[in-house]
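J.: Residues per chain are reported as follows:
Number of protein chains: 2
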Amino acid sequence: MSDQSVGIVKPVSQHFGQPIGLSCGRQLPEYQLVYETYGELNADKSNAILICHALSGHHHAAGYHSDSDSKPGWWDHYIGPGKPIDTSLFHVVSLNNIGGCNGSTGPTSINPETGKPWGADFPNLRCRDWVDTQRQLMQVLGIQQWAAVVGGSLGGMQAMRWSLMYPDQVRHCVVIASALKLTAQNIAFNEVARQAIVSDRDFHGGHYLQHNTIPKNGLRLARMIGHLTYLSEDGMGERFGRNLKEGNFSIGSDSGVEFQIESYLRHQGDVFSESFDANTYILMTRALDYFDLAREYDDDPVTAFKHSQCSYFVVSFTTDWRFSPARSREIVDALIAAKRPVSYTEIEANFGHDAFLLPNTRYEQALRAYLQGVARERN
Amino acid sequence: MSDQSVGIVKPVSQHFGQPIGLSCGRQLPEYQLVYETYGELNADKSNAILICHALSGHHHAAGYHSDSDSKPGWWDHYIGPGKPIDTSLFHVVSLNNIGGCNGSTGPTSINPETGKPWGADFPNLRCRDWVDTQRQLMQVLGIQQWAAVVGGSLGGMQAMRWSLMYPDQVRHCVVIASALKLTAQNIAFNEVARQAIVSDRDFHGGHYLQHNTIPKNGLRLARMIGHLTYLSEDGMGERFGRNLKEGNFSIGSDSGVEFQIESYLRHQGDVFSESFDANTYILMTRALDYFDLAREYDDDPVTAFKHSQCSYFVVSFTTDWRFSPARSREIVDALIAAKRPVSYTEIEANFGHDAFLLPNTRYEQALRAYLQGVARERN
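Chains as they are written, first to last, in the numbering used here: chain A, 1 to 379; chain B, 1 to 379.
Heads up, a few of these hints could be off.
Identical copies look the same in the list; a pair holds intra-copy or inter-copy alike.
As the list claims (entries may be wrong) - No farther apart than 20 Å at their CA atoms in a straight line, the calculated lysine to any residue pairs in the SDA-like style are these:
#1 216 x 204
#2 181 x 247
#3 216 x 205
#4 306 x 209
#5 216 x 201
#6 10 x 372
#7 181 x 256
#8 181 x 248
#9 10 x 263
#10 45 x 302
#11 245 x 326
#12 245 x 267
The hints are simulated quantities; they were obtained by calculation from the structure and are not laboratory data.
All of these numbers come straight from a predicted model, not from anything done at the bench.
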């Protein structure tokens with residue numbers, strides 16, 4: 001463990017006993033949120049940063065769960081003492097959203113009304129429901145205002161929604177590799193992934209747990225599609241090219257040629273399908289598809305952002321084609337027109353949408369510089 | 001039926017009783033090819049054009065099969081009297097390749113050695129095997145030299161291979177939306193499609209016909225992935241945007257929102273999965289993945305093209321991201337370095353890879369102009 005690690009961290013489970021109304025019109029009678037914190041909350045509670053996770057993320061963003069834990073949290077490269085999200089300056093809060101499958105209430109939880117897992121009966125969620133539940137947690141933690149709400153992809157959508165729903169409770173909004181709304185192509189990729197899941201015979205209309213099974217193959221295919229499209233053509237070319245894992249191309253050979261990219265994707269799909277919940281995957285991709293920041297503001301993002309009070313930092317990556325720089329520029333253009341303070345950086349990076357999770361010097365410098373400014377502001 | 005239609009056409013089935021050696025080292029003991037012709041072969045048999053089909057294509061490229069036939073052949077917009085591939089000037093030959101599922105010998109045919117459908121035991125094929133079987137048909141038709149071999153995508157790979165294998169039998173090679181070899185990303189999309197098929201429980205290791213079933217769902221997912229990636233982001237945005245087919249976004253609604261792009265893709269998948277053979281899909285995508293024009297020429301396409309004698313016309317489409325203009329420029333650059341005559345045009349088009357099949361004035365003009373030059377040459 002390096003000096004820049006937050007070290008061993010322990011997830012906390014917070015139970016909320018009051019029903020919460022959801023945007024779909026239904027209620028969750030009670031729920032729990034699992035979260036972790038890194039770094040100390042200062043005396044005036046003004047240094048808290050909320051991390052919003054994306055599609056397959058969870059609360060464990062940094063550090064390790066034990067001495068023998070070989071894999072750190074999903075954003076460990078960016079969160080820690082001296083790292084871009086500097087835990088010697090900030091108190092970082094990272095939770096698993098409701099609807100998730102890592103400890104917070106979601107489709108694998110027991111529905112108290114039936115005594116059985118919610119499964120497909122778990123309510124549809126929108127980003128605003130996550131914002132509301134995150135705000136409940138904020139109140140439990142005694143935090144009045146986030147120094148920053150930070151998120152990539154679907155997390156960036158939550159960060160933007162925070163800035164509109166609770167404008168006086170967010171000082172900075174960091175929106176990484178995100179969009180005001182998805183394009184038809186992006187929706188289509190999510191839909192093919194969902195179709196792979198729901199057409200799996202083990203899906204049982206989403207009530208697979210009651211049938212003691214999981215739609216493993218559908219989830220595996222869904223992940224392969226997702227993983228492939230979150231990488232860039234150039235990145236895959238550099239890493240795998242047309243290199244073979246098995247077989248050869250000699251004329252006269254009928255043996256199974258296998259490209260490295262093929263076995264890599266199958267492996268990614270296998271691992272994911274054993275650890276993630278299929279209903280959560282459907283629910284999260286639906287929330288992505290349905291998100292449209294400006295829908296309730298006459299479809300005008302400028303009107304929408306006029307409701308915010310915070311400053312924004314927007315980041316995109318050159319080879320990200322599912323949340324392309326063009327989508328980030330739409331956010332920036334609307335913020336400028338709404339006269340909101342905004343900084344924007346487009347990072348040269350080879351790994352498509354996944355770049356937001358990966359080491360990249362210029363990205364690290366940019367995020368660090370912005371957040372150091374946020375830290376100075378308080379003093 | 002317009003004046004520019006080739007009218008009612010009748011497929012012909014040609015049986016080849018001699019075994020043919022394949023590049024995998026195995027033999028096909030016998031086989032048949034289904035083909036159609038449009039336009040008259042001239043006296044010196046110098047006006048024949050061979051059309052090579054792509055992944056899901058077949059022999060029926062133009063005209064109708066009956067008066068009540070509502071849908072013309074797959075390239076009807078480009079083949080006919082007065083059309084870019086002008087049947088008043090050329091004798092056009094269009095066949096279903098071996099390994100196909102539209103009448104030529106393929107995985108759904110009976111293996112004479114077992115009396116059962118070939119299924120997964122059908123030999124692996126490479127582009128060169130298609131060239132060889134196309135050449136057998138050429139000999140039956142008494143044609144000594146093609147005025148042009150024309151193909152899009154996988155068809156363009158066959159056209160290039162023709163020009164290297166039988167250089168004195170091809171005067172012009174028209175290579176549309178193709179590549180010298182696939183990128184890792186392109187292979188990855190094919191692999192996810194194949195995984196959808198082979199992981200379908202009805203696949204039975206490729207011997208589904210012997211189990212009286214078909215892996216319909218896997219094929220449906222494969223087609224959805226293919227269709228989605230053969231379109232462009234802009235094209236999908238223009239055609240579908242975020243328009244809804246069902247449901248609404250009102251807060252308080254938990255009803256099933258359905259985007260138009262979703263039902264469109266599902267429909268495409270449904271139709272395809274009822275008409276195409278899964279083993280053929282696997283075989284064709286494998287041939288795409290394995291194709292590497294220059295592999296046997298020290299991996300140098302310049303060396304490869306020095307073996308050819310024909311002129312080339314190369315076409316790409318701006319929004320085609322699976323066979324992007326960059327891939328076509330690699331072909332053109334190698335041809336220039338090999339001192340082969342080559343014309344190249346990059347067509348502004350909104351519909352991605354599918355643009356090669358769709359109406360487009362500039363593409364029509366370019367193809368027409370090139371082939372009229374080919375026709376004049378003979379006189």
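J.: Decide, hint by hint, whether the structure agrees.
T.: Hint by hint, here is what the structure shows:
In this assembly of identical chains, the alpha carbons of residue 216 and residue 204 lie at most 20 Å apart whether taken from the same copy (12 Å) or from different copies (18 Å). In this assembly of identical chains, the alpha carbons of residue 181 and residue 247 lie at most 20 Å apart only when taken from different copies (18 Å versus 44 Å within one copy). In the homo-oligomer, the alpha carbons of residue 216 and residue 205 lie at most 20 Å apart both inside one protomer (14 Å) and across protomers (19 Å), since each shortest distance falls under that limit. In the homo-oligomer, the alpha carbons of residue 306 and residue 209 never lie at most 20 Å apart, since the shortest distance is 45 Å inside one protomer and 62 Å across protomers.
Within a single copy, residue 216 and residue 201 get their C-alpha atoms as close as 10 Å, and across copies as close as 13 Å, so both meet the 20 Å cut-off. Within a single copy, residue 10 and residue 372 get their C-alpha atoms no closer than 26 Å, and across copies no closer than 75 Å, so neither meets the 20 Å cut-off. Taking the shortest Cα distances, residue 181 and residue 256 sit within 20 Å of each other only across copies (18 Å), while inside one copy they are farther apart (42 Å). Taking identical chains as interchangeable, the C-alpha atoms of residue 181 and residue 248 lie at most 20 Å apart only when they sit on different chains, with a minimum of 16 Å there against 45 Å within one chain.
For the homomeric pair residue 10 and residue 263, neither the shortest alpha-carbon distance inside one copy (35 Å) nor that between copies (44 Å) is at most 20 Å. When the C-alpha separation of residue 45 and residue 302 is checked against a cutoff of 20 Å, the pair qualifies neither within a copy, at 31 Å, nor between copies, at 67 Å. Taking identical chains as interchangeable, the C-alpha atoms of residue 245 and residue 326 are never at most 20 Å apart, the minima being 36 Å within one chain and 27 Å between chains. For the identical chains of this complex, residue 245 and residue 267 are intra-copy neighbours only, at 13 Å inside a copy versus 36 Å across copies, given an alpha-carbon limit of 20 Å.
Violated hints for the displayed structure, listed by number in ascending order: 4, 6, 9, 10 and 11.
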